[in-house]
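As given, the protein sequences belong to chains A and B, one line each in that order. Here this note's numbering is used: the first residue of the first sequence is 1, the next is one more, and so on. Here this note's numbering is used: the first residue of the second sequence is 1, the next is one more, and so on.
Honestly, the hints are just simulated from the structure, not real lab data. The reader is advised that the hints may include incorrect statements.
[Unchecked claim] Simulated crosslink set (DSSO-like; lysine-lysine; CA at most 27 Å straight-line):
hint: 1; chain 1: A; residue 1: Lys45; chain 2: B; residue 2: Lys97
hint: 2; chain 1: A; residue 1: Lys179; chain 2: A; residue 2: Lys45
hint: 3; chain 1: A; residue 1: Lys290; chain 2: A; residue 2: Lys45
hint: 4; chain 1: A; residue 1: Lys290; chain 2: B; residue 2: Lys128
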Amino acid sequence: MDLDALAGCLSSSACLVTQTTSGLIIGMLLFLVAVGLTLIFGVLKVVNFSHGAFYMFGAYFAMTAYQLTGSFALAMFAGAAGTAVLGLIFERVFMSRVYGADVLMQLLVCYAFVLIFDDVVRIIWGPEFKSMGMPAAFQVMPLFIAGGVVPPYYLLLIGVALVVAIVLGIGLSRSRIGKVIRAAAHNPGMVSALGINTGLIYGGVFALGGMLAGLAGALAAPVRSLTPGMGFSVLIESFIVTVIGGMGSILGALIGALLLGLIRSFGSLGFPLFTEGLMYLFMVIVLVSKPTGLFGKEAA
Amino acid sequence: MTELEAGRAETLAPVRSGAALQRYRDVLIALVAFAVLASLPLFTGSKALLDFVIRCSAYGLFATSLNLLVGYTGLTSFGHGMFFGLGAYSFGLIMQKLGVPIPVAFVATLAITAAIAAVIGAICVRLKDIYFAFVTLAFQMLIHSTILSWASFTGGDQGLRGGIPRPTFLGINLANHIHLYVASCALLILGLLAMRQIAQSPFGYTLRMIRDNAARASFLGIDVWRAKLTVFVLAALFAAMGGMVMALFVSGAYPEFAYWTISGEGIFINMLGGVSTFLGPMVGTVLLLLLNDTVTRFTEYHGIVLGVVILFFALGLRKGLLDFVADWFAHRRDAGEGR
Chain A
1 MDLDALAGCL
11 SSSACLVTQT
21 TSGLIIGMLL
31 FLVAVGLTLI
41 FGVLKVVNFS
51 HGAFYMFGAY
61 FAMTAYQLTG
71 SFALAMFAGA
81 AGTAVLGLIF
91 ERVFMSRVYG
101 ADVLMQLLVC
111 YAFVLIFDDV
121 VRIIWGPEFK
131 SMGMPAAFQV
141 MPLFIAGGVV
151 PPYYLLLIGV
161 ALVVAIVLGI
171 GLSRSRIGKV
181 IRAAAHNPGM
191 VSALGINTGL
201 IYGGVFALGG
211 MLAGLAGALA
221 APVRSLTPGM
231 GFSVLIESFI
241 VTVIGGMGSI
251 LGALIGALLL
261 GLIRSFGSLG
271 FPLFTEGLMY
281 LFMVIVLVSK
291 PTGLFGKEAA
Chain B
1 MTELEAGRAE
11 TLAPVRSGAA
21 LQRYRDVLIA
31 LVAFAVLASL
41 PLFTGSKALL
51 DFVIRCSAYG
61 LFATSLNLLV
71 GYTGLTSFGH
81 GMFFGLGAYS
91 FGLIMQKLGV
101 PIPVAFVATL
111 AITAAIAAVI
121 GAICVRLKDI
131 YFAFVTLAFQ
141 MLIHSTILSW
151 ASFTGGDQGL
161 RGGIPRPTFL
171 GINLANHIHL
181 YVASCALLIL
191 GLLAMRQIAQ
201 SPFGYTLRMI
211 RDNAARASFL
221 GIDVWRAKLT
231 VFVLAALFAA
241 MGGMVMALFV
251 SGAYPEFAYW
261 TISGEGIFIN
271 MLGGVSTFLG
281 PMVGTVLLLL
291 LNDTVTRFTE
301 YHGIVLGVVI
311 LFFALGLRKG
321 LLDFVADWFA
331 HRRDAGEGR
């Protein structure tokens, strides 16, 4: 425990800015992964245990595309589009077979793919740590805000995640497709009876969720190291986010992810060895005081 | 006595003697199983085989205790591994720091586990379904983080090293491989027998009723919360027993024992073997360990092989192996009677 460091940081604006941005980065990446998880759970009622693998694939796709083309935009596109296709195939071919089955069977299918995907990455890209490197466009002087250092790439990352949050929120509540998706989440039988292909909606939502995780992976690729199994810690943390925010709630995922990011960045100062413990402690406190999460609906 | 009561007494009596009969049968099977396992070293000198059985004992106790929660009560715990780790660490720490005789450390570990499980369980069993799963997972990770960060006491990420002293007691020397093997088998069989008694007791049937319809159980006057808490603590005790066998076997304790993957493996074992038969988790344990051992010998990409096997169970059989076999026999019997 190092409370002096924490107190020292809280009283210095430079440190405050640096730690807050790094917390926001962690939070925003987590949000992108967690919002896909929460969407899939909300509509398909499936806890996608293999969601971390999509994050991992997004990062690897982006790295390969960047190495081939040298274009950052194409790398992001490859990460997002590649995982969307992967999500669609995964849902249609495998997950759709276990919807009626026990929840544990669904978990087992996902668990199987966590193992398989990790090994596939190991075979294609090798077991060692990889790094994509920061694109040239962002290798510029960092901004100084109130004495704190903020790399411009961080601002892009935060911006993209915020745009996704707003588009998703408005899209789901206002657009026709959004309404159909919410209807399918509520009563798939009725939606299907009205002549709408629910299989397509399920596949689409899974692809969307996979795409968001892939985008998060692609965005993280320049600032994190890539390794098989990198999806796992992200998965666990985004589970915490969805549980804290409330399963199925987009706003909840955003708030939960930001809270968790800030806990991580400031916790690492005050409790360097117990940072993870802090997150779980927070989750226990939320679950015990409000089992459905901060923004979850009461149990239906 | 009214006619109705008389009728009931008549039907109850055979049921009771039936239960007693089954208990004798269970004890008999347990004795035979122990005799077979314990005489194994007489026929083979293979250390690898004996090691395999010891590992099966540790994981088997753990997985079967998890089934008390998952299969019998419908409580899908994702954090059951914390008690496996807790058992290993408490036992190791007591032996290293206090140097008491092994049985004393054994009982003390069970007492510590019971106390911690009661506190954690009191919080967890209020929640249902997926929320129960997540809160147990969170506690598991909390314990794991504590083990990692309290390095001066637990050895941190290096684990509890330096070996666990194994002084001789009652002529049993657990530093001797054969003694350790027989002791592990004895603990496994005793643990399984005790869990079988719990599962077949009226309390065990109460648990099944809670699993199938908690609201009805509550209306019938059962304190659902207390029953769930009781089975949570009981299951924790057997998981800790598994952890102690593991700690004795590797002569240490490592943070991985308390990591969530242990819980994941426990769930996986239950799914492999089947949750609706008592011995399903035991079958699953042997299957998983065999699978792990053989696959890692042949390929470095054992994740793919293991994953495909899991897919076969999940998408092909759609249930655990022993469940599948039991259903198949039931189906055949029904078909035979129909003819």
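Hint check:
1. A:Lys45 <-> B:Lys97: violated (49 Å)
2. A:Lys179 <-> A:Lys45: holds (17 Å)
3. A:Lys290 <-> A:Lys45: holds (20 Å)
4. A:Lys290 <-> B:Lys128: holds (12 Å)
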